[in-house]
Structures are given as C-alpha cells and as structure tokens.
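Enquirer: From first to last, the protein sequence lines stand for chains W and X. Taking this note's numbering, the leading residue of the first sequence gets 1304, the next gets one more, and so forth. Taking this note's numbering, the leading residue of the second sequence gets 19, the next gets one more, and so forth.
It is worth saying that the hints were derived from the structure and are not from the lab. Treat the hints with caution; some may be incorrect.
In silico lysine to any residue, SDA-like type, Cα no more than 25 Å apart, as pairs [to be verified]:
{"id": "1", "chain 1": "X", "residue 1": "Lys75", "chain 2": "X", "residue 2": "Met106"}
{"id": "2", "chain 1": "X", "residue 1": "Lys114", "chain 2": "W", "residue 2": "Ser1311"}
{"id": "3", "chain 1": "X", "residue 1": "Lys89", "chain 2": "W", "residue 2": "Thr1347"}
Residues from chain X that face chain W, not an exhaustive set, calculated with beta carbons under 10 Å [claimed, not checked]:
{"id": "4", "residue": "His47"}
{"id": "5", "residue": "Asn49"}
{"id": "6", "residue": "Tyr53"}
{"id": "7", "residue": "Leu61"}
{"id": "8", "residue": "Arg62"}
{"id": "9", "residue": "Phe66"}
{"id": "10", "residue": "Tyr68"}
{"id": "11", "residue": "Lys71"}
{"id": "12", "residue": "Glu74"}
{"id": "13", "residue": "Pro79"}
{"id": "14", "residue": "Glu87"}
{"id": "15", "residue": "Ser112"}
{"id": "16", "residue": "Thr117"}
{"id": "17", "residue": "Gly121"}
Derived CB-CB ranges, DEER-like [stated by the list, open to error]:
{"id": "18", "chain 1": "X", "residue 1": "Tyr28", "chain 2": "W", "residue 2": "Glu1312", "range": "26 to 34 Å"}
{"id": "19", "chain 1": "W", "residue 1": "Arg1369", "chain 2": "X", "residue 2": "Ile95", "range": "37 to 45 Å"}
{"id": "20", "chain 1": "X", "residue 1": "Ser83", "chain 2": "W", "residue 2": "Leu1377", "range": "20 to 28 Å"}
Keep in mind the model is a prediction, meaning the values are calculated, not measured. Note that the Cβ used here is the ideal one computed from N, Cα and C, for glycine as well.
Take a look at the letters that make up each chain.
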Amino acid sequence: GQSLEQPSEVTAVEGAIVQINCTYQTSGFYGLSWYQQHDGGAPTFLSYNALDGLEETGRFSSFLSRSDSYGYLLLQELQMKDSASYFCAALNQAGTALIFGKGTTLSVSS
Amino acid sequence: DVKVTQSSRYLVKRTGEKVFLECVQDMDHENMFWYRQDPGLGLRLIYFSYDVKMKEKGDIPEGYSVSREKKERFSLILESASTNQTSMYLCASSSKRDTQYFGPGTRLTVL
C-alpha cells in the first residue's frame, strides 16, 4: 500500500521559520509534491521534488531524501496569510494519480 | 491561468436521490480527478480519468461512478445518495500527473 504521514497541527508566530515533515511508504516512488489549502478554498500546488535535495521558491522551500523516505516543507518569514493546511502528496504505484497525506494545519499568530 | 470550475458550491440532497457533480477545465488537460475531503482524513481519491471515455478507480470508488464524454468535462455520479456521502468534493485536472489544479469544491449534504 501507499501512505504519507505528516503532523496534524503546527503553530508558530509571525516572522518565524517552520518545518512540516512528511514520511512516506510507497511501492513505487516518483517524487513528492506539496499543496496549500486555505480554509474554505481549493488546494493549490506549491512545489515538487523529484530528486534529493532542496528546492527553493521564495519564502518556501521543499526538501526530499529518497533514502530516508522523507521530505519537508520549510516556510520562512512566516506571515499571518500562511495560516492554512499543507498536504504532501506522491504518485501512486502506477504513476497515474496523486495520493495525499492527511494534511498539517499551520496556525500563525502575531 | 488554469481554470477548473465545478457546477455547484453547495448542494443539499435527500437520501436515495441520484446526484450529479460536474467539473469543467479549460486547459485541454488529459487527466482529471475526483476527490472527497473529510476532516482528519485528508483528500481521498474516488475516480480519475486520463482520456475521454477512460476511467480508473481510486481508493474509495464504492457508491460512485463517473463519466467523461468530452475532454474538458468530468462528472461524478452518486447513484443513490447516502448520508455517509456528505462531504466536500474536489475536482482536479492536470497535464503532468504530479501537478494538479483544483476546482473550488462542492460541499454536498445528504439528508
């Protein structure tokens, strides 16, 4: 089977750095994606890591270690608008559809 | 910008009714997906399609069917709605399978 595990909640203050971890168990692995979803909104694509290492996009970075079956999303200089749910996702064994983790709710306070 | 639209934002139906949820995308994507989202369970894949008239079961297809007669449109059908199908339904489309674009969702309540 396939599963992705991530913490259910994370809290932080404005200006801080937060890391959201994701460990996965998959029969076949193509890469790890991250999505953001604000309350009442649709999930939106943030990043994709196919290879080991760090990918940076502005204040957000994503990391993958295939050998450890582990990745994380790093959010820097946190802002109130970053309060949202964050999902890691990986393609299924056939490579045909994404399987999502249960999501991490990030609450940013002032 | 990719646009994925869903026919209704909120829907209330009665147990036993046949329910149609429509999804349309305007980017000529081959792949389309239906998920349901429930608190604490994340997004679970119901069905997906990688071409017109093609469909594949996801993780939770029971009680659902789909139709893809045109490339831009993917419909989710609840043959006989039940209360345990009360949920948020999200449609997505993609050209690359690792990057999906989601619609705004339909919050379905079955009474």
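Enquirer: Checking each numbered hint in turn, tell me which of them this model violates, lowest number first.
Expert: 2, 4, 11, 13, 14, 20
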